[in-house]
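Trainee: Turn these sequences into a full structure, and let the hints guide you.
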Amino acid sequence: MARHLWSKILAILLVVSMVSLASAYALRTMMIGDFQEYREGEMLDRAQWLTATIEKSYEKTSDWSKNDIADNIVNALMAGLDITVRDAGGNRIMDAPEALDRLTPSMKRRVLGTMAAQRLGSRGPALTFPLFSEGKEIGSVDVSFLERQKDLTFIDQADRLLFASLLGTAFIVIILSVFLSRKIALPINALSAASQAISEGELTTRVAVDGKDEIARLADTFNLMADNLERQDTLRKKLITDVAHELRTPVAALRGELEAMIDGIIPLGRTQLQSLHEEIGRLATLIEGIEDLSQAEARVFSVHKDWIQLHPFISHIIKRFRPLFDAKGVRIDFTCDESEGISADPDALSRILINLINNALAATVKDDTVFITATRSGSRSIIEIRDSGRGIPAEGLPFIFERFYSTAPAGLGIGLAIVKELAEAQGGTIEATSEESNGATFTLSLPLLHNNS
Numbered sequence: 042m043a044r045h046l047w048s049k050i051l052a053i054l055l056v057v058s059m060v061s062l063a064s065a066y067a068l069r070t071m072m073i074g075d076f077q078e079y080r081e082g083e084m085l086d087r088a089q090w091l092t093a094t095i096e097k098s099y100e101k102t103s104d105w106s107k108n109d110i111a112d113n114i115v116n117a118l119m120a121g122l123d124i125t126v127r128d129a130g131g132n133r134i135m136d137a138p139e140a141l142d143r144l145t146p147s148m149k150r151r152v153l154g155t156m157a158a159q160r161l162g163s164r165g166p167a168l169t170f171p172l173f174s175e176g177k178e179i180g181s182v183d184v185s186f187l188e189r190q191k192d193l194t195f196i197d198q199a200d201r202l203l204f205a206s207l208l209g210t211a212f213i214v215i216i217l218s219v220f221l222s223r224k225i226a227l228p229i230n231a232l233s234a235a236s237q238a239i240s241e242g243e244l245t246t247r248v249a250v251d252g253k254d255e256i257a258r259l260a261d262t263f264n265l266m267a268d269n270l271e272r273q274d275t276l277r278k279k280l281i282t283d284v285a286h287e288l289r290t291p292v293a294a295l296r297g298e299l300e301a302m303i304d305g306i307i308p309l310g311r312t313q314l315q316s317l318h319e320e321i322g323r324l325a326t327l328i329e330g331i332e333d334l335s336q337a338e339a340r341v342f343s344v345h346k347d348w349i350q351l352h353p354f355i356s357h358i359i360k361r362f363r364p365l366f367d368a369k370g371v372r373i374d375f376t377c378d379e380s381e382g383i384s385a386d387p388d389a390l391s392r393i394l395i396n397l398i399n400n401a402l403a404a405t406v407k408d409d410t411v412f413i414t415a416t417r418s419g420s421r422s423i424i425e426i427r428d429s430g431r432g433i434p435a436e437g438l439p440f441i442f443e444r445f446y447s448t449a450p451a452g453l454g455i456g457l458a459i460v461k462e463l464a465e466a467q468g469g470t471i472e473a474t475s476e477e478s479n480g481a482t483f484t485l486s487l488p489l490l491h492n493n494s
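Under my numbering, think of the first position of the sequence shown as 42, with each following residue one higher.
Hints are computed from structural coordinates only; laboratory data are not their basis.
There are no misleading hints in this set.
The following label-pair restraints were derived from C-beta to C-beta distances:
no.: 1; residue 1: 399; residue 2: 243; range: 33 to 43 Å
no.: 2; residue 1: 57; residue 2: 90; range: 43 to 53 Å
no.: 3; residue 1: 348; residue 2: 372; range: 25 to 35 Å
no.: 4; residue 1: 71; residue 2: 146; range: 42 to 52 Å
no.: 5; residue 1: 131; residue 2: 176; range: 12 to 22 Å
no.: 6; residue 1: 77; residue 2: 173; range: 26 to 36 Å
no.: 7; residue 1: 61; residue 2: 345; range: 45 to 55 Å
no.: 8; residue 1: 131; residue 2: 57; range: 57 to 67 Å
no.: 9; residue 1: 100; residue 2: 136; range: 17 to 27 Å
no.: 10; residue 1: 300; residue 2: 443; range: 30 to 40 Å
no.: 11; residue 1: 289; residue 2: 245; range: 23 to 33 Å
Under the rule of at most 30 Å between Cα atoms (straight-line distance), these lysine-lysine pairs were calculated in the DSSO-like manner:
no.: 12; residue 1: 97; residue 2: 149
no.: 13; residue 1: 101; residue 2: 149
no.: 14; residue 1: 407; residue 2: 360
no.: 15; residue 1: 97; residue 2: 177
no.: 16; residue 1: 107; residue 2: 97
no.: 17; residue 1: 407; residue 2: 369
no.: 18; residue 1: 177; residue 2: 101
no.: 19; residue 1: 346; residue 2: 360
no.: 20; residue 1: 224; residue 2: 253
no.: 21; residue 1: 346; residue 2: 278
no.: 22; residue 1: 49; residue 2: 253
no.: 23; residue 1: 346; residue 2: 253
no.: 24; residue 1: 224; residue 2: 49
no.: 25; residue 1: 149; residue 2: 107
no.: 26; residue 1: 107; residue 2: 177
Beta carbons: idealized from backbone N, C-alpha and C, even for Gly.
Mentor: Below you can see the structure in the form of C-alpha cells.
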C-alpha cells in the first residue's frame, strides 16, 4: 500500500513538474515569436523608408538615375536589405551586385566590410513594393531581408539556454519528487505498520515523531492513542489479577463452610446461615468496590472539565458530612478564599473529596479535628485534608494508594486507589504524609487553568 501511495505522490509531482516545464517552453516560444515579429516590423519600416527614398530620387528628374539608384541599393544593403529596382514594365533596372560594381574599389571594400561586421547572412523570401510618383506607378522594388547573424545567435543561445534549463530543472524536479514522495510516504507507511501491529495486540508499538507538520501531529496523536490503549490494557490485566486475588479468600471460605455443612461437620443452623450471609455481604461489598474502581479508571479517558468556584463547591460537600461529624463529636475547620477557582471535572473532584473526608472521619474520634484548606501555589491548586486521628503506620504509607491495600481492619483498600486514578486523570497528584497516632495529611494538587468563559 505504501509503495502504491508513493507511486501516486511521485506521479502527481512529476505531472505538476511537466506542466511547469511545458509552461516554460510555451513562454519561450511566445518570447521568440514576439522578438521575430519585432524584427520583421523593423525591417518592414526600413523597406517603407527605402521605397520613399527611391520615389523621391525619381521625382527629382522624372526619370531613373542609376547613380541615385545605386546609392539607395548600397544604403539598403548596409541596412540589411537586398533589393532589386524594376521599372513600370517589370524590367530590372539595377540589383545589388551591379550597384556594388559601380563603386570604387575602396568604397566597395568599405561597404562589404560594413556588411561583414553586421554578419549579414542568407536572404529571406522576397517581397515586392510598388513605387509611385504623383499617383502614377513608376516601378517596383523586390526586397529580401538579410538574416542578421547576431539575431540568429541570440535565438540559438536562447534555445540552448532553455534546453539546458529544461534538462537541469527536469533532473532537479525528478530528484526532489522522489525525495518528497518518499518523505511523505515513509511516515505514512510507518503509521500503517504501527496500526497493523496495534490491531494484532502489540500495544507497545510507537512511531517516531519528526518535525511539526500535519503528519508529525498525526504520529503524535497515534502515539497518544497507543499510550491510552496500553494503559487501559494494563489496568484491565491488573484489575483482573487483583480481583481474582481478593475474591479467592472469601469464596474459599464460603466453599469451605458449605462443604463442612454438607459433610455434617458443621451443623446447619441459624448461626451458621447468619455467618454465610455476612460473608456474602462482604463479598457483595467487595464487588461493588471493584465496580467503583473500574468506573474511576474509565474516567481517565472521559474527563470533562468545568470552571469550579472552590469555596461553595467544598462547602456543599462538608454540609453533607456535617451531621456525621456532629454525631461523632469531630470538628471540621475549612479555610478557602472566596475567589479561589479551578478547572476540573466536577464529578471526579467531588468523588475525591468525599473519599478523603470520609477516610478522615473514619480515622478520628470524639474531640478530634479535620482541617480542610484550599490554596493556590503557582500554576496549581492545592487542596489539603488533615486530621488529628490515629494516623497511618509507617510501613503502610508507601502502599496506601495501592488497590486492595488497607490499614483499617474492615477496609477494602479501594477508596484511595479510586482517588489516585481520578486525580491523575485530571493531570493532578495525590500525596499522603502521616505520623502514627498523630493524624494524616492528604494533599491533592491539580493544574490551575484560567476561566475561559
